[in-house]
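Asker: Spelled out from the first residue to the last, the chains are:
Protein chains: 2
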Amino acid sequence: MALVHDSYPSRQEEKPRIIERKDPVIYTAPEDADGSGLSPEQLRQFERDGFIALPQFFTAKEVAAFRHEMTRMANDPETINRDEAVTEPDSGAVRSIFRVHQLSSLFNRLSRHPRLLSIAGQILGGGVYIHQSRINMKPGFRGQGFYWHSDFETWHVEDGLPRMRTVSCSVTLTENNEFNGPLMLIPGSQNHYIACVGETPDENYKSSLRKQVAGTPDEESLTQLAEQGGIQAPKGPAGTVLLFDCNTMHGSSSNISPFPRSNVFFVYNSIENTPVEPWSGLKPRPAFAAEREDCSPLEPTENPDFTS
Amino acid sequence: MALVHDSYPSRQEEKPRIIERKDPVIYTAPEDADGSGLSPEQLRQFERDGFIALPQFFTAKEVAAFRHEMTRMANDPETINRDEAVTEPDSGAVRSIFRVHQLSSLFNRLSRHPRLLSIAGQILGGGVYIHQSRINMKPGFRGQGFYWHSDFETWHVEDGLPRMRTVSCSVTLTENNEFNGPLMLIPGSQNHYIACVGETPDENYKSSLRKQVAGTPDEESLTQLAEQGGIQAPKGPAGTVLLFDCNTMHGSSSNISPFPRSNVFFVYNSIENTPVEPWSGLKPRPAFAAEREDCSPLEPTENPDFTS
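Just so you know, the sequences run in chain order A and B. Counting from 0, one number per residue, gives the positions in the first sequence under numbering that gives the first Met the number 0. Counting from 0, one number per residue, gives the positions in the second sequence under numbering that gives the first Met the number 0.
Excised from the complex, chain A in its bound form (with noise of 0.2 Å):
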């Protein structure tokens, strides 16, 4: 058993139940802001909400780079055969690549992008270290849809993250819009941990990166946390980054549109807040889907003309 106090027990008992949050979400105060980052506005917007959209962070000679890059890996059957790809469970194409912060110097760069490190110390306080990254493809018209969770719920359990002091940034890759299954968000949801119930089976992760099934909210909660906060789901054209907080409840519905939907995953995470035993009391997940062992403080990149 961990040694370390389980602050968000989840999968433990027979009914969910909701736990408040005990951490901060931002750790740096918004008249604290010092250019570099979010502005106090958006710092507050995103202790509001659990998460912030940023349009035109990059453009769409940025964005082509990017996609490239992320076309090449998927066609590389060097790539495409090792464990950090999953495919769909149905049709078998390609719809993520793990770790792709080490199998890409480019996206290494782009992980090490100054403004977005600076954000993410700001969020975090200190810091940060990259706890996973990825590729996602959704494709058009069969692209599935993944079913509301809390990222935190799953790292806890199955990673020993002790506490909420994590934030995702994804960069859209293609447009985001209301018929290509977009990333939905409940905003305020950040705030409130939901206990889920059942046990984590072993090596969960080989289906969970597929489809969820422990870990899994409970609608009366989650209709709660909805009717609390709404539903939002950010839209707009590639190269707006999406950040959001690591207990924020989000999912995603199927793509039947022919517009596929990709974007570029980062997990930060504090280098106050790395991993302990998992409270699962299992094995802990591959490094691919959770680093335990570089949890060095990032440097910005020296290069961040990704275009060259």
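Bear in mind the hints are in silico, worked out from the structure with no lab data behind them. Keep in mind the model is a prediction, meaning the values are calculated, not measured. Just so it is clear, CB atoms sit at the ideal spot from N, CA and C, and this is done for glycine as well. Treat each hint with caution, since some may be false.
[To be verified] Here's a subset of chain A near chain B, in silico, CB distances under 7 Å, partners left out:
id	residue
1	GLU218
2	ILE230
3	GLY250
4	ILE255
[As the list claims (entries may be wrong)] Label-pair distances were calculated between CB atoms; the ranges are:
id	chain 1	residue 1	chain 2	residue 2	range
5	A	GLU202	B	THR58	50 to 60 Å
6	B	ARG66	A	GLY280	39 to 49 Å
7	B	PRO76	A	GLU198	28 to 38 Å
[Unchecked claim] Partner residues aside, some chain A positions facing chain B, computed with beta carbon under 10 Å:
id	residue
8	TYR146
9	ALA232
10	GLY235
11	PRO236
12	SER251
13	ASP293
Assemble the complex: chain A is given as a structure, and chain B must be docked to it using the hints.
Answerer: Only chain B this time, still in chain A's reference frame:
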């Protein structure tokens, strides 16, 4: 084999192709609108887009009466054990009940609503009868989507409707919003018939009412239609009437939101377009899915008060 010429062959060739529509979309000239149905402008819009939404067609009180009747039927063991009741592939929950214009006196009167009949008569030119009716209940959290399709393709191949002279009328019984899997339609697609590939299995309706396989349009043709016309998903409060042409391409995404989505649905067919032998060469679908016997023109109800 059918003796009537097949104007819209499908599921016969190895490659999909697009056949241009041979029939009018509206059988009444817009300038001849007499005030009892759609206005000239609304008729033009229907002709152009292949659909039109009429918000606030029914009052909240009328919607409440329809919902009450829907709930009664969905909880009536005698009803849900009938062939007319279709359940979700996974959960077994009731998704649709067919033939409600005959199983329910309220929905029978609704199907003969004077203004709805005027509109159907305007669009189709003359007398109409019900080819199919149903209530649809897409639950929250786990409502499944329905892939793109032209209703006419099925009604032609499996039911033997000779020509495009049929209009669907959906009365929304819940709000349609961007999160609960609203109907998506491709404007202008009514003018292009996608001849699909693949043979029709015997008794196809038993599975196709849940998930369609035969009669699925190909991705290239769908992309072409969507590039020409875009996609629209009419949204709005309950009580909206959505009319769409039998060949308008439509589909819906899954619904993981907490908000269910329900409607009552009537398919009006021209009495000049009654079914012949299906071009599939197979036995026609049962009467609850496709009327073949009682094709006499509907008379408007004398009691259009649905709340008493």
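Asker: Would you mind marking each hint as holding or not holding in the structure?
Answerer: Against the structure, the hints:
no., hint, result
1, GLU218, "5 Å, holds"
2, ILE230, "5 Å, holds"
3, GLY250, "5 Å, holds"
4, ILE255, "5 Å, holds"
5, GLU202(A) <-> THR58(B): 50 to 60 Å, "56 Å, holds"
6, ARG66(B) <-> GLY280(A): 39 to 49 Å, "47 Å, holds"
7, PRO76(B) <-> GLU198(A): 28 to 38 Å, "35 Å, holds"
8, TYR146, "6 Å, holds"
9, ALA232, "7 Å, holds"
10, GLY235, "14 Å, violated"
11, PRO236, "16 Å, violated"
12, SER251, "8 Å, holds"
13, ASP293, "35 Å, violated"
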